[in-house]
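*Asks:* Just so you know, the protein sequences line up as chains A and B, in that order.
Counting with this note's numbering, you get residues 1 to 116 for the letters of the first sequence.
Counting with this note's numbering, you get residues 117 to 229 for the letters of the second sequence.
Among these hints, one or two may not hold up.
[What the hints assert, rightly or not] Simulated crosslink set (DSS-like; lysine-lysine; CA at most 27 angstroms straight-line):
hint, chain 1, residue 1, chain 2, residue 2
1, B, LYS172, B, LYS152
2, A, LYS9, B, LYS152
3, B, LYS152, A, LYS104
4, B, LYS184, A, LYS9
5, A, LYS57, A, LYS104
6, B, LYS172, A, LYS57
7, B, LYS184, B, LYS172
8, B, LYS183, B, LYS172
9, B, LYS172, A, LYS104
10, A, LYS57, B, LYS186
11, A, LYS104, B, LYS184
12, B, LYS186, B, LYS172
13, A, LYS104, B, LYS186
Simulated from the structure, these hints should not be mistaken for laboratory data.
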Amino acid sequence: DSGVTQTPKHLITATGQRVTLRCSPRSGDLSVYWYQQSLDQGLQFLIQYYNGEERAKGNILERFSAQQFPDLHSELNLSSLELGDSALYFCASSVEGRGQTNEKLFFGSGTQLSVL
Amino acid sequence: GEDVEQSLFLSVREGDSSVINCTYTDSSSTYLYWYKQEPGAGLQLLTYIFSNMDMKQDQRLTVLLNKKDKHLSLRIADTQTGDSAIYFCAEGTSSGGSYIPTFGRGTSLIVHP
Numbered sequence: 001d002s003g004v005t006q007t008p009k010h011l012i013t014a015t016g017q018r019v020t021l022r023c024s025p026r027s028g029d030l031s032v033y034w035y036q037q038s039l040d041q042g043l044q045f046l047i048q049y050y051n052g053e054e055r056a057k058g059n060i061l062e063r064f065s066a067q068q069f070p071d072l073h074s075e076l077n078l079s080s081l082e083l084g085d086s087a088l089y090f091c092a093s094s095v096e097g098r099g100q101t102n103e104k105l106f107f108g109s110g111t112q113l114s115v116l
Numbered sequence: 117g118e119d120v121e122q123s124l125f126l127s128v129r130e131g132d133s134s135v136i137n138c139t140y141t142d143s144s145s146t147y148l149y150w151y152k153q154e155p156g157a158g159l160q161l162l163t164y165i166f167s168n169m170d171m172k173q174d175q176r177l178t179v180l181l182n183k184k185d186k187h188l189s190l191r192i193a194d195t196q197t198g199d200s201a202i203y204f205c206a207e208g209t210s211s212g213g214s215y216i217p218t219f220g221r222g223t224s225l226i227v228h229p
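Isolated chain B, as found in the complex (with noise of 0.2 angstroms):
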């Protein structure tokens, strides 16, 4: 199976909350990570946490981890229809030295007025 699972597909309204959520499988990452692709664009780096943290807030984003259960999830507030985009969650890897970051499949979130 995949390193990194995430939900291929979100749709909200407009002024709700998105959360969008993520299962990873290398217990030794150290930093897990948020990326965010609009179409036509490349990923930009949205937020990430450190693992020996449980929640990091960051204006209308909220990340909250869950080491046990290699559970982590995205909350968007107060979701506006620039936010529709699709978002990768990503574990850094260790591979020859490097700590490669891998994605998952990214989640499309949809948001309507």
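The following block holds chain A by itself, in its conformation from the complex (with noise of 0.2 angstroms):
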């Protein structure tokens, strides 16, 4: 158990909707990390979050959107869902993520989004 806790474990929706993803870090991890993993994608980050500032941007799309509240867990918004959305959300959580170069990060289980 890393200690990340996301929720729901599974989600199915239809397009055009709008879900929201949950993700609890370690206790005293102050940074929240995004990834969406595809089978033609691969792992892709999309946001990070560092003591409820936004840190960093990867490939994230407008329609997708992320806050870190002042409890430091973490929400993933998705909107106008498309089929293309259907992936394995991860959140993963770091100590610092201020730019310490050895981040090692700390994965939750993932969130199965499967949009039809």
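Fit chain to chain and form the complex, with the hints in mind.
*Replies:* Take a look at the structure:
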């Protein structure tokens, strides 16, 4: 058990809908990362938050947004869903994330999103 | 092309050594990582190597780094069926002041009796 909790584990929804994925980092970790894993794209970095502030942005679509709350949990919001958004979404956390070079990430088990 | 490249599959016999290879592109990467993903689980950090090292050994795992060729390998000695998983190579890539691990597509290691 990595200590990172993601809910829900599975989510089935329809095109055009909006969903929210939730992540609780390990106790004491200040940084949260979101990744999307799909067969065609592999593991793609979406966005990172550090202590409530956006820190780095990757290949995140404009239809997607995220935030980190004062209690350090994070939510990833996916809107106007398309079939191609079906993927496994991982949250990871690390202690720092402020530019330290040795970023050891601890991953949750992921949320499997199926868009029908 | 992709920043981190790995072969997709590797099949070995139980008890043999496994060698998983990876090439990366960012010469400024300070740390390089190997993560393991078992079915239905998230990625788990296996080991990492600092870029000024050539080799790191950790029990059955040996990491070799050729910085000139930007080549990283993971050797698993005495491979067991429990080692069957997907192995990801990652480099720490600078992005907006953070170092974000950039992952390869993963190598599926299949260990058969």
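*Asks:* The structure should be examined with respect to each hint, and the outcome stated for every one.
*Replies:* Structure-based check of all given hints:
Between LYS172 of chain B and LYS152 of chain B the alpha-carbon distance is near 17 angstroms, which keeps this suggested pair within the 27 angstroms criterion. This hinted pair checks out: LYS9 of chain A and LYS152 of chain B have alpha carbons roughly 20 angstroms apart, not beyond 27 angstroms. Between LYS152 of chain B and LYS104 of chain A, the direct Cα distance comes to roughly 13 angstroms. Compliance with the 27 angstroms bound is thereby established for this hinted pair. The straight-line distance between the Cα atoms of LYS184 of chain B and LYS9 of chain A is roughly 42 angstroms, outside the 27 angstroms bound, and the hint therefore fails.
The straight-line distance between the Cα atoms of LYS57 of chain A and LYS104 of chain A is roughly 18 angstroms, inside the 27 angstroms bound, and the hint therefore holds. Between LYS172 of chain B and LYS57 of chain A the alpha-carbon distance is near 32 angstroms, which puts this suggested pair outside the 27 angstroms criterion. Distance hint between LYS184 of chain B and LYS172 of chain B is fulfilled; the C-alpha atoms sit about 17 angstroms from each other, no more than 27 angstroms. The hinted pair formed by LYS183 of chain B and LYS172 of chain B meets the criterion: a straight-line CA distance of about 14 angstroms does not exceed 27 angstroms.
Restraint check for LYS172 of chain B and LYS104 of chain A: the C-alpha separation of about 17 angstroms stays at or below 27 angstroms, so the hint holds. The straight-line distance between the Cα atoms of LYS57 of chain A and LYS186 of chain B is roughly 25 angstroms, inside the 27 angstroms bound, and the hint therefore holds. A C-alpha spacing of about 24 angstroms is found between LYS104 of chain A and LYS184 of chain B, which places the hinted pair at or below 27 angstroms, so the restraint holds. Pair hint LYS186 of chain B plus LYS172 of chain B holds up; C-alpha atoms about 16 angstroms apart against a cutoff of 27 angstroms.
Distance hint between LYS104 of chain A and LYS186 of chain B is fulfilled; the C-alpha atoms sit about 21 angstroms from each other, no more than 27 angstroms.
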